[in-house]
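Protein chains: 2
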Amino acid sequence: MDPAWSLPKGHVQPITNMVKKFEDDAKRILLAHGSGGKLSHQLIKSFVKKFRNLPLAKLDDSAVLKFKGKLAFTTDSYVVDPIYFPGGDIGKLAVNGTVNDLAMVGARPLYLSASAIIEEGFSLNELEGIVDSMNRAARAAGVKIVAGDTKVVGKGGADKVFINTSGIGLVDSGVDISSKNARLGDKIILSGTIGDHGIAILNAREGFDFRTKVKSDCQPLNGMVSEILKVSKNVHVLRDPTRGGLATSLNEIAKQSGVGIEIEEEKIPVKEEVKAVCEMLGFDPLYIANEGKLVAFVPQKDCAKILNAIKKNKQGKDAQIIGAVVSRHKGRVVVKTSVGGERVLDMLTGEQLPRIC
Amino acid sequence: MDPAWSLPKGHVQPITNMVKKFEDDAKRILLAHGSGGKLSHQLIKSFVKKFRNLPLAKLDDSAVLKFKGKLAFTTDSYVVDPIYFPGGDIGKLAVNGTVNDLAMVGARPLYLSASAIIEEGFSLNELEGIVDSMNRAARAAGVKIVAGDTKVVGKGGADKVFINTSGIGLVDSGVDISSKNARLGDKIILSGTIGDHGIAILNAREGFDFRTKVKSDCQPLNGMVSEILKVSKNVHVLRDPTRGGLATSLNEIAKQSGVGIEIEEEKIPVKEEVKAVCEMLGFDPLYIANEGKLVAFVPQKDCAKILNAIKKNKQGKDAQIIGAVVSRHKGRVVVKTSVGGERVLDMLTGEQLPRIC
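Residue numbers (our numbering), protein chains in the order written: chain V, 1 to 357; chain P, 1 to 357.
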């Protein structure tokens with residue numbers, strides 16, 4: 001973590017007039033913003049002010065936090081292109097993505113770090129907007145951004161801005177959620193429509209005029225997970241189907257738990273607009289990324305109350321039981337199609353949509 | 001964290017022949033390595049195999065770890081150019097940098113996350129070499145890499161490879177080390193020569209033929225900090241002077257603690273080769289980055305035994321008392337020059353050496 005994050009407000013000296021003039025004129029990131037010197041401090045000070053909280057305000061090479069219990073720890077770098085899209089931006093995505101990774105082991109997300117790699121010449125105003133967006137997302141999810149870092153690379157050395165977030169969460173005792181824990185007979189609940197994020201990104205990137213208003217589903221899932229765990233701790237698997245989509249997530253679970261999975265195509269909620277774009281371009285919504293949906297593997301006896309808890313959550317109103325863990329075809333996922341057929345659903349092969357998150 | 005990290009060994013299906021052929025031929029990163037699908041899994045599997053440890057082997061969206069006590073948390077992204085340099089590479093730097101950030105609050109580094117942003121076309125063999133280097137550095141520092149992620153961006157979207165590491169450490173009770181804690185009368189110990197890292201990078205980047213063998217000092221400092229804390233917990237400040245060099249670190253401490261600092265130029269160890277290159281290019285070694293040195297602010301009564309503990313450590317043989325916290329010029333750093341003069345040592349202004357870490 002950059003110790004510059006620890007610079008208290010009001011202690012940064014004015015930068016030289018020449019640099020200041022350039023800044024006032026252009027409001028762009030300079031290589032000097034990555035030097036560790038005065039401009040770095042100025043840049044970081046503006047972030048710290050936004051994220052202001054006790055561990056960050058104390059500020060040193062590391063944040064020091066109280067902690068007791070089972071700790072969840074995760075990291076993700078975000079390189080989404082474009083950095084703005086309907087329903088979000090790279091900042092919101094970077095916070096929610098890591099919040100959700102923590103939630104998927106049943107953890108209550110507590111602390112996040114944020115590290116940005118910025119291309120020389122990137123707009124300072126845009127950067128500030130992204131930091132604001134991260135701040136709003138952190139508040140909405142109830143997490144604190146307690147550690148940070150910024151690096152600047154020369155023009156052409158990176159594409160605008162990349163953000164890494166790492167996260168720490170607390171796993172309550174009695175909670176043991178893992179992709180290895182799917183058991184025969186488990187019901188599979190999907191919390192809502194699939195493909196929204198991927199199609200929103202595709203539209204934004206390619207400038208397609210599909211007359212569709214598909215927005216990314218980018219949202220935090222820790223509230224939903226907390227509601228689930230309130231009604232039952234018997235949750236075996238949670239997974240947010242991001243890159244590679246639902247199909248890839250289910251394949252991972254089938255392999256890691258060594259079980260067979262069967263899902264029913266017609267039970268899977270897909271928005272009409274998403275379906276339409278997918279048909280036009282030859283994509284399968286089952287492979288399209290989501291950023292605010294989860295699949296839960298739960299024992300049949302608790303399925304009804306867990307589904308109920310998910311549906312009560314505003315992000316879970318379209319939740320469906322989409323399938324079950326079966327004794328056949330271990331390690332594989334089979335889809336029952338709406339016309340009564342069956343097909344093996346494989347993991348994503350090759351590249352479908354690059355830089356989706 | 002990419003759930004693909006959680007794919008157990010032996011469960012990845014062979015990739016299609018066509019892609020495999022390309023891979024065998026070229027051994028280069030493809031966009032499909034970032035898709036979340038089969039190639040992503042194959043790539044990540046090769047990392048997981050190297051880092052194999054229990055939390056990573058269990059593997060989910062987050063690693064779940066036992067933890068009790070005061071927790072230190074930090075993050076840094078590494079964009080060093082070139083990615084190989086005398087004394088290290090981006091992988092070793094990414095591990096040691098974050099280990100050292102944890103050590104600088106007196107924490108025992110325990111767990112690291114690693115996230116790579118890779119340019120399409122980057123050599124798979126090189127990537128593997130960097131992962132090996134991270135693994136060796138992690139073992140040397142006694143930390144475990146328990147969470148990971150990889151992203152791929154198109155050719156020209158990033159410069160080769162960027163690595164983020166975040167880290168978690170345990171702060172023992174009774175330890176309270178912060179840049180805010182410098183006190184009047186504190187002695188300032190510097191653990192060794194300055195400027196080695198920055199000059200090594202500069203040589204490697206520019207291809208200067210200075211007939212100098214300066215190597216980066218890139219190394220973990222947690223062992224040294226542990227030795228220090230064994231002899232005294234009365235350490236007020238620890239700081240590793242990375243970007244912006246010793247001058248910037250001391251300025252940060254002066255400002256954050258609201259104290260005046262005086263250092264003696266002739267006490268500061270600088271290698272002859274480093275001095276020579278600096279003189280030739282007009283750099284001041286006080287502003288050049290280090291990646292394996294620390295400054296410690298300690299009360300006078302414990303200074304001798306702490307200096308002794310540092311000197312016993314092989315990385316600390318050149319340690320020196322370089323100055324003290326004084327009652328004059330609060331918030332500023334003053335250097336007493338070898339000819340008896342005084343000058344104010346300001347924070348780094350502008351850009352000296354971009355992409356140094």
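A hint or two may mislead.
Intra- or inter-copy, both count: the list cannot distinguish identical chains.
[To be verified] When the alpha-carbon atoms are kept at most 25 angstroms apart in a straight line, the in silico DSS-like pairs for lysine-lysine are as follows:
#1 K233 x K27
#2 K312 x K50
#3 K330 x K312
#4 K144 x K68
#5 K180 x K144
#6 K311 x K301
#7 K311 x K49
#8 K180 x K50
#9 K49 x K180
#10 K230 x K314
#11 K45 x K230
#12 K49 x K314
#13 K144 x K230
#14 K311 x K330
#15 K312 x K70
#16 K336 x K70
#17 K144 x K66
#18 K330 x K144
#19 K68 x K160
#20 K330 x K45
#21 K330 x K49
#22 K45 x K68
#23 K187 x K144
#24 K275 x K230
#25 K68 x K267
#26 K68 x K233
Everything labelled a hint here was simulated from the structure, so no lab data went into it.
For each hint, the structure was consulted:
1. K233 x K27: neither (51 angstroms within a copy, 45 angstroms between copies)
2. K312 x K50: neither (33 angstroms within a copy, 44 angstroms between copies)
3. K330 x K312: Neither way: K330 and K312 sit 33 angstroms apart in one copy and 58 angstroms across, limit 25 angstroms.
4. K144 x K68: both (17 angstroms within a copy, 20 angstroms between copies)
5. K180 x K144: between (30 angstroms within a copy, 22 angstroms between copies)
6. K311 x K301: Classified as within: same-chain Cα gap 17 angstroms, cross-chain 64 angstroms, threshold 25 angstroms.
7. K311 x K49: neither (37 angstroms within a copy, 40 angstroms between copies)
8. K180 x K50: between (39 angstroms within a copy, 21 angstroms between copies)
9. K49 x K180: between (42 angstroms within a copy, 18 angstroms between copies)
10. K230 x K314: within (16 angstroms within a copy, 54 angstroms between copies)
11. K45 x K230: Close neither inside one copy (40 angstroms) nor across copies (35 angstroms); limit 25 angstroms.
12. K49 x K314: Classified as neither; 32 angstroms inside a copy, 40 angstroms across copies.
13. K144 x K230: The answer is within: 23 angstroms in one copy meets 25 angstroms, while 33 angstroms across copies does not.
14. K311 x K330: Neither: 30 angstroms inside a chain and 59 angstroms across chains, both beyond 25 angstroms.
15. K312 x K70: neither (28 angstroms within a copy, 37 angstroms between copies)
16. K336 x K70: Intra 39 angstroms, inter 51 angstroms, cutoff 25 angstroms: neither.
17. K144 x K66: both (13 angstroms within a copy, 21 angstroms between copies)
18. K330 x K144: neither (41 angstroms within a copy, 32 angstroms between copies)
19. K68 x K160: neither (39 angstroms within a copy, 39 angstroms between copies)
20. K330 x K45: The answer is between: 21 angstroms across copies meets 25 angstroms, while 54 angstroms in one copy does not.
21. K330 x K49: Only across copies: K330 and K49 sit 24 angstroms apart there, 52 angstroms inside one copy, limit 25 angstroms.
22. K45 x K68: neither (30 angstroms within a copy, 31 angstroms between copies)
23. K187 x K144: neither (34 angstroms within a copy, 35 angstroms between copies)
24. K275 x K230: neither (34 angstroms within a copy, 64 angstroms between copies)
25. K68 x K267: neither (41 angstroms within a copy, 44 angstroms between copies)
26. K68 x K233: both (20 angstroms within a copy, 23 angstroms between copies)
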